[in-house]
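Protein sequence lines, in the order shown, are assigned to chains A and B. The opening residue of the first sequence carries number 23 in the working numbering; numbering runs sequentially from there. The opening residue of the second sequence carries number -3 in the working numbering; numbering runs sequentially from there.
Take the hints with a grain of salt, since some may be wrong.
What the hints assert, rightly or not - Output of the computed footprint for chain B on chain A, the stretches with three or more beta carbons under 8 Å from beta carbons of chain B:
1. 41 to 50
2. 300 to 314
3. 516 to 526
Claimed, not checked - Cross-link-like lysine-lysine pairs, in silico, BS3-like; alpha carbons within 30 Å at most:
4. B/K82 to A/K52
5. A/K52 to B/K24
6. B/K35 to A/K185
7. B/K80 to A/K191
8. B/K82 to A/K191
9. A/K52 to B/K83
10. B/K80 to A/K185
11. B/K35 to A/K52
What the hints contain is simulated information worked out from the structure, not anything from laboratory work. Quick reminder that beta carbons are idealized off the backbone N, C-alpha and C, glycines included.
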Amino acid sequence: MAKAFSYDLGVFDPTFPGITLHFPNEATWKQVSSYTGLVFNAAASDMLQKDPKLSPSDLTTGQVLKHMSVDLNFNSPLEEADKESLGRSLVDADPDEAVGYLAVTSSHIHERRHFHDWILSPYAAAISAMRVEVFMNYAQLRGALRAGGTTAIPVPITRWMRKTPSEQKELLEMWQALLGDAVVLRLPELTDPDVLACIEGIERRYKSIGMLFEPVYGFDLDAASLFEASALLIQTQAIHDSLGETAHMLFLNSMADQGPKSRYTWFIRALSGLRRPDEILEVDTLTALATWCLLGSADSDLPNSNPLTRMFHVVKYVKEHGFPKVDTPSHAIFAEIEGACGAVSYVDVLNRSVQLGDSIVEWLEKAVAEDHSGSNFAAGVAQAYTYLQQCHKYMAGLFLNDPDGYAKPAGYLDRNLEKWPEPAVRYTFGQPFFRVKRANLGKYQRSTLFESESTAEEAVLRQYIDPFPEDLMQVRKICFDIQVADNWQYLCGLVDTMFAEYNRDQPEIDYQRERARKDGLYLLEVLN
Amino acid sequence: MREGIIMAKPAGFMVKIDASPELVGELKNVVESNPDLMKLESAGPSDQPSHLRLGLADVETLIAIVNGAVAFGQFAHSIYKHFKEKKAERLMVQTPLRTVEILSSDATSEERILELLQSSIRV
C-alpha cells in the first residue's frame, strides 16, 4: 500500500497573497526535488517512447514541461490512455512514495486555488479590510513603541499587557538571564490613553481575524478547513485530468484514509456520509458546494458569514434534498441553498463586498493625502490594499458572469488560465540550508536571509519569491505584482509579530525578530 | 569584592513545545523526572491555532521553565528516540528568542536534535 504523504509542501498562509512552498528542512527539500525529478523523467520517457526519432539529448526542459501540460494551461495534450500510462508509470516507479509524487506534482494547483479563493471570497476580503485597519492603527503606534530608547518589546504586546506586575517582573528576570547582563532591557511605556486606544482597536480586530483559524461549535475544525476542501477538490480533479484514473484514485483514497480530524478531507467525508445508495459523489458538485461556503460576508449577512456555518447549511440541505444533479448550474445550486437556509444571495454579497472595498480604498486615499509624517508606511498600506481590492473586484466580476467557470473544476481548470490572476510563488525555508553565492543573490527576488548563518561570500536564504517566467508573462492577463505581494507580507508579518495571538510559529515572525535585532531591538516572546 | 561563595542564580527560561500528544506526554515525563533542571508550567491540548496544526491533527503544548542546555540534552534524547520510531512527526519549540521546527527527518542523531533545540536560544 502506498504511504500517505506526510508533509504539507504548500502552506495556506493568507498573509502572503500568492503561493507559499515551505521547506522545513533540507531532507524535505531533497525529497521534493527527487519527486519532481521522477515526474520529469516519466514525462521524458513518454516522449522518447512516442517519437523514436528523438534522443534524450534532443529533449529540453521546456519541451518536457510542455509535454506534461501543454502551453502551461493544464489542458493535457495526452489521450486518455496516455495519461493513464503516464500515471501508472509514476505509481509503479515507487509505489510506496507514489502519493508523495502526486501531492508534490499537483501542489501548485492546490495552492493556486487557495490564492484565487482568497481573492474571490468576501469572507477573506473582509479579513483583508480588517488588516488594513490594523495597519493604519499600527502606523500611529510605531513612534510610541520605540520612544525613550526602547531595547526590547514583549510580543504579542496584548498578552504582555495582561500579565500582572509580578508576572512581568518574573519574565523580565528570565529574559535578562537569557540575554546576559550586557543587554539593558528598556521596554516601551504603554500608558498614554491614545496609545492604549490604538492597542485596544488592534486587539479587537485581531480577535475577528483569528476566527478564521479558531474552531467553532466545539468542533476541532475551523473556517480554513473549507478553503482546504476547495483546493483539495481542484487538486484531485487536476490529477485525474493529467495523470488518469489510477493516479487519481490512489490520491483520493490516500486522502480519505487520513485521520478523522484531518482538515483536508473533513468536508468530503462529511458529505460522502450523506450519499444515498443510488447517488454518485461528483467532484463537480462537491466543489460547487465548497465554493458556496466561501461566499459569506459579515458585512452583508453576519449570521451566515462563517464558512463553517455555511457548511452546516449545506449538510442540512443535502440531508433534506439529496445532492444536486451533476449538471445543475452552480448559480441554481447556490440559489436553492440560500432559499432553504435564508442566507443573502451570493450575488448581493459579492456586489456589496466590492462596494465596501471601494469605499475603503477611498478612505485610504484620503488618509494618505492627510498624512504628513514623512513615512511611506500609510502609502504602502494604501497601495497594497488598492491592488488587492482591484483583484477582488476582477474575480467577483468573473464569478458573477460565469459561476460554473469557477465553481466547477472542469470550468476552472479547462478554461484559459489567462483569465485568472497568476500568483507569485514564494519559497520559504525553516532551517538555514539553502545557500547561494552572494554574487548570484540577484536571481532570488525579494530574498530574506538567515543573517547569522550568512557570510560575506555566501547567503543563506530564509525565503525568496520566484520571478514569473517570460512565457508565463506573455500569456497571463494578470501576474500578481511581486512587490505588492511582498509588501503585504511585510505588513502582516510586522503587525502579526507585535499583536497576533495565534500562529505564533509562523516563519515570518522569526524573520521580523531577526530584523529587529539588527536594529538593536529584541522582540521577546511571551509564551503563555 | 569577593565575599565567599554566593550560589549562582539558575539561568532559567521558559520553553514552549508543541507536538503530538504522545510526544508531549513523553516530554512531560522528562520534566517531571528532572525537578532539579526543569519545572512544569502546563501540559495539555493546545488552545492556540498554529502552523503546526497543518501537519499534525492533534497538537498538545508543554510549557516548562528549564535551566539551560543540560535540560535540552534530556529533551533531545526523548525527541530523538520518538522521531526514530515515528517517521512522520514534527514539533515546534519556542523560546522568548526564537522558534524552531524539528521534523522526524532531522533525527539523524541525538546531537542534531540537541543542536536544533539549542538554536532556539541563540541570542
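Given pair status - B/K83, A/K52, alpha carbons within 30 Å:
holds (16 Å)
30 Å Cα cutoff - pair B/K80, A/K185
Violated. B/K80 to A/K185 sits at ~39 Å, over the 30 Å cutoff.
Pair hint outcome, A/K52 versus B/K24 [Cα-Cα no greater than 30 Å]
violated (33 Å)
Can the restraint linking B/K82 and A/K191 be considered satisfied, given a maximum Cα separation of 30 Å?
violated (40 Å)
Verify the proposed pairing of B/K80 with A/K191, using a straight-line Cα cut of 30 Å.
Given that 30 Å is the threshold and the Cα spacing comes to 40 Å, the pair is violated.
Restraint check for B/K35 with A/K185, where alpha carbons must lie at most 30 Å apart
holds (20 Å)
Holds or violated: B/K82 and A/K52, Cα atoms, limit 30 Å.
Given that 30 Å is the threshold and the Cα spacing comes to 20 Å, the pair holds.
Chain B covers the stretch 516 to 526 of chain A, three or more CB atoms within 8 Å, holds or violated:
Coverage by chain B holds for the stretch 516 to 526 of chain A (4 residues, Cβ < 8 Å).
With a Cβ-Cβ cutoff of 8 Å, does the stretch 41 to 50 of chain A contain at least three residues near chain B?
Three-residue rule met by the stretch 41 to 50 of chain A, so holds; n is 4.
With the threshold set at 30 Å, check whether the alpha-carbon distance from B/K35 to A/K52 stays at or below it.
Given pair B/K35, A/K52 is violated - Cα atoms ~38 Å apart, limit 30 Å.
Counting residues of the stretch 300 to 314 of chain A with a beta carbon closer than 8 Å to any beta carbon of chain B, are there 3 or more?
With 0 residues close enough to chain B, the hint is violated.
Of the numbered hints stated above, those contradicted by the structure are hints 2, 5, 7, 8, 10, 11, listed in ascending order.
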